[in-house]
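*Asks:* Residues per chain are reported as follows:
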Amino acid sequence: MVLLCGIPTDNPLDRIADALEEKDIPFLVLNQHDYDAFYLSYRIDQGKTSGELAVGDRSVDLEDITGVYNRMTDIRAVPEYRGLNEDDPRLLRALRAHDMVTEWISICEARVVNHIRAMASNGSKPYQMMLIESFGFRTPASLITNEPGAVLAFRKQYGTLVYKSASGVRSIVQELDEEQLSGLDRITRCPVLFQQRLEGTNIRVHVVGRELFATIVTSNRIDYRYATRYGGDTRLETFALPPDIAARCIAVSEGLQLPVAGIDLLLTPGGDWYCFEANPSPGFSYFEEHTGQPIAAAIANYLANAGN
Amino acid sequence: MVLLIQHPGDRFASAIARQLFLAGCNPVIVTVDEIMTCKGFSLRMEDGRYASRILLRRGTEIDSASVSIVINLVQRMPVHFIQVFKKADAEYVYQEWRAIFIAWMKSFGDKLVFNPATPTALSGIDYSRPEWIQMATTSGLPVEPAEWDTQSGMHTVFNGSSQNPVMAVSCFNGQAYMFPNGMKVSDSLRDSCLQLQALSGIPLLTVRLWYWNETWHFLDAGVDTPVVQGIETLVQDITASVVQGGFASLNPQP
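Sequence lines, in order, name chains R and P. First residue of the first sequence? That's 12 in our numbering, and the numbers climb one at a time after it. First residue of the second sequence? That's 721 in our numbering, and the numbers climb one at a time after it.
Here chain R stands alone, though its shape is the one from the complex (with noise of 0.2 Å):
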């Protein structure tokens, strides 16, 4: 049995639950609309983990999960709750029964994809690019600084820059071009992350256990994933990594304990290769429907054990 977590519509869910159908492979979903819908319960005794969880009329020993796809978001964030006052029992309902099937996730011996403490890693890009290099990938050369001086002295170095947010909050990648410099002294009230500019192929690759589904994105937009939002457009196909990149790709997947992951690679027009960031929640069904990659597949086949 898999278990999804999170919103029935959210297109990746809804492509594994589509594969796991066609597949013949049973699952549950935990729909994040209605906490009141589940019932979860378990115990820990002697360092064995049983109990069940219940959705609707169907029930499962928590033993026969073999795997659980988590794609929760925040609480509040959903309809049903968002604006509901804190001390709303609704909200208090939901955010114990939340609390309560993360922290069984992070013990439970299905397949996980991800562990929350995994996908923690994506919420300071800095620390994760430091854990991407430790696993043989360069990264552009950054800077975090809340003194103008410093950035200019670093756009000396080299050249053209970008900036983003370190954290993942407000996370588009954008060129510091005149008007941005004009307005530098801005910095002075939070440090922000510069990075250098590259030129070269976008190229994001898929993980999944110990497969790889990677696609050359082209754009004309800086932050290919916004590019229809600012007036650009972008081309997807399917590409053949080199094995030493590949075998470097599952060494992140697997070093940043991310079994399924978006790795972010850029190779330039001298051939050198670098990572921009690990993906611990990909949206893959956007890479999914422009090449035919069988992405949710291989990710139905994993939440089941199966295959790799």
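From chain P, some residues computed to sit far from chain R (all C-beta separations above 10 Å):
hint	residue
1	735
2	743
3	745
4	746
5	754
6	787
7	807
8	883
9	928
10	965
Computed footprint of chain P on chain R, listed as stretches where at least three residues anywhere in the stretch have a Cβ under 8 Å from a Cβ of chain P:
hint	segment
11	46-58
12	109-115
13	168-178
Reference excerpt, derived from the structure (chain R facing chain P, CB under 7 Å, subset only):
hint	residue
14	128
15	132
16	135
17	152
18	153
19	155
Honestly, the hints are just simulated from the structure, not real lab data. Source: prediction; values computed, not measured. Virtual Cβ for every residue (Gly too), placed ideally from N, Cα, C.
Knowing the structure of chain R, use the given hints to seat chain P on it.
*Replies:* For chain P alone, coordinates are given in the frame of chain R:
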């Protein structure tokens, strides 16, 4: 330079600082509040090399090149100073500083002797209650059965009360320190606490035990060190380790 980063008024940090001064280390003591309101902050990351420089408002400069040891006792980012921002910006600034602090700590590598900052906990690792229970059991500590259900929460099979004795065992560098001072425990219980500390990957960990049914049982564990009579021995040993450099720092996986 020995760099000690702490919260304002942290008595444990003050005890360590006092001992370091007595040992001639002259630590540079900085509060996390000072970091977040500094005049200048720069962290450069280039081809696996990291260099940082911070200029505090009081004029003190912290250059990573001259730092030999970092002691991190920060457990949370302060929130009061972000109230000058608009609500939406305040949340952004808070998250940014948190992410930056974690990266800054990571940039010190092996110079940071305890406790490492990770994305889920600024000091150590933020384990869930079930995880602690599992690790405590693996370490050989007696652990009472615990149950959870989404209707009524968590409960343990415990017939004691708040009157049951509680003991804290602080573990650091292969040594265990019992509080209240003078408490005696069996070698096996002490070894189990040290095993839990090693398993957790947290260099300075305090394990709390409670006594009932004629046995000490695992209660919880964390990075708070009790500042009580008897703490001097732990503080002196920490200082000796810093001065002599005779310990291994642990870098937990994310």
